[in-house]
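**Q** Listed here are the chains, written in short residue letters.
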Amino acid sequence: MKNSLEAIHVVIPAYNEEESVGMVVEELGRLDLDLVIWVVDDGSRDATSEEADKAGARVVRHSVNIGQWGALRTGFMLALLDGAEIIVSIDADGQHDPKDLPRLIDAFYKEKADLVIASRFFYDGKPEMLRHRRLGIRFFNKLLKIIFRYELTDCTNGFKVYKAELIKKVLPKLKEAQYGALEFLIKATKQDALIMEIPIKSVSNIQSSKGRVKYGYNLFRTIIKSLFD
Amino acid sequence: MKGIQLVGIIVALYLLVQIYINYRRKNYSFRRALFFSLLWIVVLLLFAYPPLAELALPFLSTKDVIMSVLVIGIIILFLLISEIYQQIGKIEKRVEILVQNLAIEDYLKGVISENKDDEK
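Top line first, the protein sequences correspond to chains A and B.
Counted from 1, the first sequence has number 152 at position 152 by our numbering; the numbering is strictly sequential.
The number in our numbering is simply the position in the second sequence, starting from 1, with 1000 added.
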């Protein structure tokens, strides 16, 4: 499958990911897709930028660490400036398999979706991740369902395909730097965006900060704040 | 007048002047300046005339002036913490925008200079 008419822009926020970012970029480059790959180095203290550059990505560097969504926002803005129609976000730690991207893109086109989320919870069996993290994600899925009446199985996953138009509408309304994943979803639902999920298998990343209590607390805070926006 | 009262009055007056200066410099909005002015005026009055705290006794369901001053103090403290938290949030947001703009600017400069090199 090759969509030569509109290049797909992939944004990879990266912070101290020198060991995996190069591999992620290379694997994306091997796909039979016309991709423009952006790596936003969010103030890393290691060789993340150099590794991404070597692998062939367009590298943008933050002078200080401002958080994952801050980095995504920078990448989104550059992709939009470059005329992107479709924007993909994927984590730099290698927990997502880039080979799943064509399936996500296929679904995006077939269903004319505004946002496609890769779900680690649709797959047969339990997703490969720490138990408390799994429970945390389920809790937030339920919370979104109760408060915003939107049913998702993996609301915090960073592997997504966005319609550029949706990003243009939602991006100016976002207020969170680090914890924008849920805020984006909430604001996208308010735009009546068509959101769908596609099953993927993920590799566990034990070192990720996403399973920590602080991360969970901040996601919760984001949901509560969004109630009053 | 006790020494502690004098210290309290001087501190409250100093803070009121600071609010006025910040308002004149447009660092504070009118609402923000008004809120803090009222807050420090109440503190100033309480230090100047402590029996005023007795007025708060029925609202706070206490019979003790010291206790009412303590409760009011804790409420003010929470208000200030909330205010600081909000300000930190705003500063973080500004830093975020600044960092993003710098990163984008640097990237675009790099692209422009690469293009110039290619033309040569």
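None of these hints come from the bench; they were simulated from the model.
Incorrect hints may appear among the rest.
Stated by the list, open to error - Mimicking EDC-like on lysine to aspartate or glutamate, the simulated pairs with C-alpha atoms at most 16 Å apart in a straight line are:
#1 168/A to 82/A
#2 175/A to 1118/B
#3 99/A to 27/A
#4 1109/B to 27/A
#5 169/A to 100/A
Note that the structure is a prediction, hence the values are computed from the model and not measured.
**Q** Work down the list of hints and note, for each, if the structure agrees.
**A** A quick look at each hint next to the structure:
{"no.": "1", "hint": "168/A to 82/A", "verdict": "holds, 13 Å"}
{"no.": "2", "hint": "175/A to 1118/B", "verdict": "violated, 40 Å"}
{"no.": "3", "hint": "99/A to 27/A", "verdict": "holds, 8 Å"}
{"no.": "4", "hint": "1109/B to 27/A", "verdict": "violated, 28 Å"}
{"no.": "5", "hint": "169/A to 100/A", "verdict": "violated, 27 Å"}
Checked against the numbered hints above, the structure violates hints 2, 4 and 5; every other hint is satisfied.
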